[in-house]
Amino acid sequence: MTSDATVEPTAGTSPRPEAQRRVLAVLVSSQILSGAGLAAGITVGALLAQDMLGSTDLAGLPSALFTAGSALAAVGVGRISQARGRRPGLAAGYLTGAVGSAGVIVAAVADNPVLLFIALFVYGAGTATNLQARYAGADLAAPAHRARAVSTVLVATTLGGVVGPNLAAPTGDLADSLGIPALAGPFLLSGTAYALAALVLAVRLRPDPLLLARSLDLRQPTETTTAKTRGPGLIPGALTMILTQLVMVAIMTMTPVHMHDHGHGTAASGLVIAIHVGAMYLPSPLTGWLVDRYGPSVVAVASGLTLLAAGITAAAAPAYSVALLALALALLGLGWNLGLVSGTAMITDAVPLATRAKTQGLVDVSIAIAGATGGLSSGLVVSAAGYPVLALTGGVLALAVLPAVAATASSR
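Position one of the sequence shown corresponds to residue 1 (my numbering), numbered consecutively onward.
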């Protein structure tokens, strides 16, 4: 009988299906937890800064800071994963996010904006790690099923991501009972969720998917050909994810502030963000199938068009209409999902296994910087021109995905 190490995998078959199933199960568990941590902070970060500073001018700064922090964390997680495997890299990233959450709570109690901004920067490590986990799902996947493996990891974030924002009000009440400002309450949830995600990965992610993939030498003939023919996919893949992240973060960050300024409470903004986060991750299985079936370029184009629709809807939605704002944020999340899965597939196809983790980390740095740019500029744009201008500008900017993909297609 042929041993596992000598099995020649085909495009549709994983060389270690049992290990791949176990890896995906562990990643799904950690992503459910981390999704709650991620979404909880998104819901109130801008509101907490606005409350401390008494102005909307820098309300986008928290989003910019934790996405900037995620840029640094992406480098760290990528390098640790490259050297020691996915397990220590991902666990360290989530643990850092938990430390940042604790720092936000301390800053809120002390009413110290400087400490808040430092803590939000550290908290960003959780965001980077949540995204880096998608690459781990593809390490042992069959080439023809990589996008679906990535999607399985992403969709697991949905449960935590939807539950987290809806716990904003209850965790605020809990925080208030403990003598902590109510707006810092969701960070109690995020800190606990990130710490538990780190524990699950540290204990259960065995075998390490990246180390096992290297030991089995998954660079099969079809992959070598793919790397040559899809080499240009590295640039459009990165550009697709950079643009979708910038647009998504900018509009998402200011939506709770926009709603708050027009009389909506945290329960309403939490509901809208929950719908948004659900749309970011829930369509992942379908998106993965579409990428595997029709190719990442087609899905990347769909991403740009969907984000345009999101921007138009958000700009046209009356401030009092929670339903229309929720629809706009749902489209925003869907467009981001289409861009992330298609871009990830392009990157994974274009980069050899030997340098994959390091390159993926560097790409995610660019994505995080784009998110930081979107978050920081969003408050300034809203302060100067209003939320509708921000939304419409973001939607139009997303169309830049189309020429990037077209240029690559014409070069093949």
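Source of the hints: derived by calculation from the structure; they are not laboratory data.
Don't take every hint at face value.
[What the hints assert, rightly or not] Pair by pair, the computed Cβ-Cβ distance ranges are:
no., residue 1, residue 2, range
1, Gly263, Arg79, 26 to 36 Å
2, Leu115, Ser177, 29 to 39 Å
3, Leu115, Ala316, 36 to 46 Å
4, Asp173, Leu324, 25 to 35 Å
5, Asp176, Arg84, 17 to 27 Å
6, Val298, Arg79, 26 to 36 Å
7, Ala144, Ala406, 23 to 33 Å
8, Val114, Glu18, 45 to 55 Å
9, Ala144, Pro318, 38 to 48 Å
10, Ser383, Arg206, 48 to 58 Å
11, Gly179, Gly295, 51 to 61 Å
12, Leu211, Ala316, 47 to 57 Å
Idealized CB from N, CA, C, for every residue including glycine.
Distance restraint evaluation - Gly263, Arg79, Cβ atoms, bounds 26 to 36 Å: With a Cβ separation near 47 Å, Gly263 and Arg79 fall outside 26 to 36 Å, so the hint is violated.
Assuming the hint says 45 to 55 Å, is it satisfied by the Cβ distance from Val114 to Glu18 or not? holds, 50 Å
Using the C-beta atoms of Ala144 and Ala406, is the stated range 23 to 33 Å upheld? holds, 25 Å
So the hint says 51 to 61 Å: do the beta-carbon atoms of Gly179 and Gly295 match that? holds, 55 Å
Please test the hint of 17 to 27 Å on the beta carbon pair from Asp176 and Arg84. violated, 42 Å
Go ahead and decide if the range 48 to 58 Å is satisfied by the Cβ distance of Ser383 to Arg206. holds, 50 Å
Has the hinted range 29 to 39 Å been met by the Cβ atoms of Leu115 and Ser177? Violated, since Leu115 and Ser177 (Cβ atoms, about 23 Å apart) do not stay within the stated range.
Can you let me know if the beta-carbon spacing of Val298 and Arg79 is within 26 to 36 Å? Given range 26 to 36 Å: holds, Cβ gap about 33 Å.
Holds or violated: 38 to 48 Å for the Cβ distance of Ala144 and Pro318? With a Cβ separation near 46 Å, Ala144 and Pro318 satisfy 38 to 48 Å, so the hint holds.
Does the beta carbon distance between Leu211 and Ala316 stay inside 47 to 57 Å, or does it fall outside? holds, 50 Å
Holds or violated: 36 to 46 Å for the Cβ distance of Leu115 and Ala316? Given a distance of about 39 Å, which is inside 36 to 46 Å, the answer is holds.
In this structure, is the beta-carbon distance linking Asp173 and Leu324 contained in 25 to 35 Å? holds, 29 Å
Of the numbered hints given earlier, the model fails hints 1, 2 and 5; all others are met.
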